[in-house]
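Place chain B on chain A using the hints.
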Amino acid sequence: MTIEDTLVTFEGVHKRYDDFVAVKALDLEIKRGEFVAIMGPSGCGKTTTLRMLAGLETPSGGKITIGGKCMNDVPAHERDTPLVWQSLALFPFLNVIENVEFGLKMRGVPDFERQPRALIWLERLGLKGFEKRRIDQLSGGQRQRVALARSLVTEPEMLLLDEPLSALDAHLVIRMQGVLTKLQKELGITFVYVTHSQSEAFAMADRVVIMGQGEISQIGAPRDIFRAPKNRFVAEFVGRNNIFAGMGQSGGDIVVAADRISVSREATEGASVQAAFLSEEFVGTAIICYFEGPDGEDLKALVTEEELEALSPEPGEQFWLSWAPEAVHELEGA
Amino acid sequence: MRMADILSRVYVAALFVFVFLPILTSVVFSFNSDRFPTVPLGHFTTHWYETAFSRPEVWLAFKNSLIVAFCAASLSTMLGFVTAYTDFRYGFRFKTAYLALALLPPTIPLVIMGLAMLAWLGRLGLSGTLIGIIIAHTVMGAPFAMAICRMRLQQMDPALEAAAWNLGASPWRTMASVVIPFSTPALISAFCLTAAVSFDEFIVAWFVSGLNKTVPVMILEILQGNVDPQINAIGTVVFLTSITLVILAQLLILRRSAT
Chain A
1 MTIEDTLVTF EGVHKRYDDF VAVKALDLEI KRGEFVAIMG PSGCGKTTTL
51 RMLAGLETPS GGKITIGGKC MNDVPAHERD TPLVWQSLAL FPFLNVIENV
101 EFGLKMRGVP DFERQPRALI WLERLGLKGF EKRRIDQLSG GQRQRVALAR
151 SLVTEPEMLL LDEPLSALDA HLVIRMQGVL TKLQKELGIT FVYVTHSQSE
201 AFAMADRVVI MGQGEISQIG APRDIFRAPK NRFVAEFVGR NNIFAGMGQS
251 GGDIVVAADR ISVSREATEG ASVQAAFLSE EFVGTAIICY FEGPDGEDLK
301 ALVTEEELEA LSPEPGEQFW LSWAPEAVHE LEGA
Chain B
335 MRMADILSRV YVAALFVFVF LPILTSVVFS FNSDRFPTVP LGHFTTHWYE
385 TAFSRPEVWL AFKNSLIVAF CAASLSTMLG FVTAYTDFRY GFRFKTAYLA
435 LALLPPTIPL VIMGLAMLAW LGRLGLSGTL IGIIIAHTVM GAPFAMAICR
485 MRLQQMDPAL EAAAWNLGAS PWRTMASVVI PFSTPALISA FCLTAAVSFD
535 EFIVAWFVSG LNKTVPVMIL EILQGNVDPQ INAIGTVVFL TSITLVILAQ
585 LLILRRSAT
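Line by line, the protein sequences are chains A and B. Per my numbering, the very first residue in the first sequence carries number 1; after that it's consecutive. Per my numbering, the very first residue in the second sequence carries number 335; after that it's consecutive.
It is worth saying that the hints were derived from the structure and are not from the lab. For each residue, glycine too, the CB sits at the ideal point set by N, CA and C. Every clue listed holds true.
Here's a subset of chain B near chain A, in silico, CB distances under 7 Å, partners left out:
(1) Asp491
(2) Trp499
(3) Leu501
(4) Pro515
Just a sample of chain A residues kept apart from chain B, beta carbon distances all over 12 Å, derived:
(5) Glu11
(6) Lys69
(7) Lys128
(8) Phe130
(9) Arg175
(10) Gly188
(11) Arg223
(12) Ala228
(13) Lys230
(14) Gly239
(15) Ile243
(16) Gly252
(17) Asp253
(18) Glu269
(19) Gln274
(20) Gly316
With the rest of the complex left out, here is chain A:
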């Protein structure tokens, strides 16, 4: 990565409130044109990180740069870091086009230029003909797109998104994910996307940053994080992973992904554990079977419909869960 490629850097950034540390010693670089998702459970500091990037929170220490310039003391309204809010925060007293024009107006773009630029974005996001609508006359998905248009109309280098899809119905989430990834590729700008949803982060991002308790736990491509979680926190948070304590070669914990577990009634050769069947869950083409391990741990295995029928498990029945040696990923630390 060369200097020109880097758009944002966090160097030892931390944020402390009176009696609570929201973010501790964060180091992160974000490249131009990259789609980065910051993911973690609530209270992990991901939203604070985003707000510091937008200038809505001031870091207690460390340095944030955008385009090589230190941004610590630049107030929010002098930055070009539009944010798509979780609540959308559309202005209810303005109509659709007035909402979209807002950023241009505040930047002193003259009247005659504002309207055509806003219209281009409304059309691009499929909102043509809705210019004069009031915000409360729009559906959830339409409001979402107004919020996007409002943020993108100033043609920023970077767009920040704070759990923008959390209020939408499941089928709309998938559609909006498509809209967002397409937009990001077409515009070639940086997206920084904060979410607690693994599926959103993994579906869209080039790189995922996993945060826990104010620190970065792991940074990597979705596939790397899924296949090679660094520690127990990541492995648990990412889900569909089985964690076996103390089974590594050096006595550490190991992780085996649910889709690499095979289930049988008889004991098999190689690594395996005996576990009691709990329940099953259909997830599209495959089925997740849940088991309880010998030490009470939650285990899961991904099986096909045929496999499930062949096994026909009853709750409480014992099965052998086994895996190939190459499926094992050893965790760092305890």
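Here is chain B on its own, set in the frame of chain A:
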């Protein structure tokens, strides 16, 4: 259940009759030709309105009342909005005390308030002036304006202001282009209500008005002289003015909670 339903309807109707009958009586007698308020009624007349509004001191009192109501309502609304915004936007140590103080004036007995205003404004050389009444009515109206503005600001998404900063609006620009437009219904409503409070207010105005009488003060002075149906005529106009302002305020409150 059905019986209870009927009873509650009757109760509400009775309540309205109880509240509005005296005022209605006054309205009816203002159009009655007899000098004394007795039944059976005489014939319909607008005589009392004509005589009342041919007196220059009545016009002067109305003019005074309107000036006071307009100025006091503007000042109350401004103060109330600023106080409510401070509460909405900032957290500070003695906030509860600050709010309690801001909401205190309506709990002070009006006679005490009147006396205190007289003493204080007298020292400032403002007793007996319209400015004195305006100050007194502003103090009385600001808590109402604050309550109304607070209700509106509580409905505002806290992200709305931050969203405006994020889109390049300075804090002052945000106030002008987001917070005030969002609060406009509350501001108009607070203005109407505090204007009505001022227009009706008698006790404090009586203490501080001196020669610059407002309408309620003038009504009492006429009443002290003799029973005169002109009072009913003036009273009806005052009532209509106030009720219009209050209804306007209520309509705005109702409409904004619908959205």
